[in-house]
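Participant: Sequence:
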Amino acid sequence: GDYTCTFTYSAQGGTNEINCWGLSPLQQWQMNIGVSEDNLLFSCSVWRYLKDCSHFRPQGKSYLFFTQFKAELKGAKIEYAMAYSQAAVGAQSDIPLKQEEFEITETTVSHREGKFRFELSKLMIVAKTPHDEL
213 GDYTCTFTYS AQGGTNEINC WGLSPLQQWQ MNIGVSEDNL LFSCSVWRYL
263 KDCSHFRPQG KSYLFFTQFK AELKGAKIEY AMAYSQAAVG AQSDIPLKQE
313 EFEITETTVS HREGKFRFEL SKLMIVAKTP HDEL
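If you use our numbering, the sequence shown corresponds to residues 213 to 346, in order.
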């Protein structure tokens with residue numbers, strides 16, 4: 213199947229963030245995409261880099277001030293999605309956004325105007341591919 217995951221956002225700040233590999237704090241994101249072996253599930257996760265710039269690790273607290281975010285899937289329907297204001301570091305666990313801060317439709321996960329508290333460090337989406345509808 214053909215699946216795409218697009219992540220867009222607006223943010224300000226980041227003066228306290230470390231510059232990783234010459235990237236500005238706004239560009240320090242990692243996206244992982246996966247398809248289950250039976251091709252029934254598609255997953256897309258996005259997270260910020262850790263402060264020491266090591267790969268593939270979420271950073272704890274973000275100093276960025278997010279005004280909006282949206283993840284959009286094509287080719288699959290969202291089954292489950294979770295957004296986190298802070299990602300796990302050491303013994304601390306992920307801190308999820310409150311349910312009212314974001315909304316989930318069949319194909320998008322986005323901030324909810326007036327409710328979103330401007331913090332985002334990680335987004336996880338699991339979607340169902342159309343195979344089972346044949």
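It is worth saying that the hints were derived from the structure and are not from the lab.
There may be inaccurate statements among the hints.
Said to hold, decoys possible - Label-pair restraints from in silico Cβ distances:
1. Trp-241 / Thr-317: 17 to 25 Å
2. Lys-327 / Val-247: 27 to 35 Å
3. Ile-307 / Ser-222: 17 to 25 Å
4. Glu-325 / Glu-249: 37 to 45 Å
5. Thr-319 / Asn-244: 17 to 25 Å
6. Glu-318 / Val-247: 15 to 23 Å
7. Leu-252 / Glu-325: 19 to 27 Å
Beta carbons: idealized from backbone N, C-alpha and C, even for Gly.
Participant: Could you say whether the range 17 to 25 Å given as a hint is met by the Cβ separation of Trp-241 and Thr-317?
Facilitator: holds (22 Å)
Participant: Given the range 17 to 25 Å, decide if the beta-carbon distance of Thr-319 to Asn-244 lies inside it.
Facilitator: The hint (17 to 25 Å, Cβ to Cβ) holds, given that Thr-319 and Asn-244 are roughly 19 Å apart.
Participant: Can the suggested window of 15 to 23 Å be confirmed for the beta-carbon pair Glu-318 and Val-247?
Facilitator: With a Cβ separation near 18 Å, Glu-318 and Val-247 satisfy 15 to 23 Å, so the hint holds.
Participant: Regarding Ile-307 and Ser-222, is the given constraint of 17 to 25 Å on their beta-carbon distance met?
Facilitator: holds (21 Å)
Participant: Is 19 to 27 Å right for how far apart the beta carbons of Leu-252 and Glu-325 are?
Facilitator: Cβ of Leu-252 to Cβ of Glu-325: about 34 Å, so the range 19 to 27 Å is violated.
Participant: Holds or violated: 37 to 45 Å for the Cβ distance of Glu-325 and Glu-249?
Facilitator: For Glu-249 against Glu-325, whose Cβ atoms are near 39 Å apart, the range 37 to 45 Å holds.
Participant: For the range 27 to 35 Å, tell me whether the beta carbons of Lys-327 and Val-247 fit it or not.
Facilitator: For Val-247 against Lys-327, whose Cβ atoms are near 32 Å apart, the range 27 to 35 Å holds.
The structure fails to meet hint 7 from the earlier list, while all remaining hints are met.
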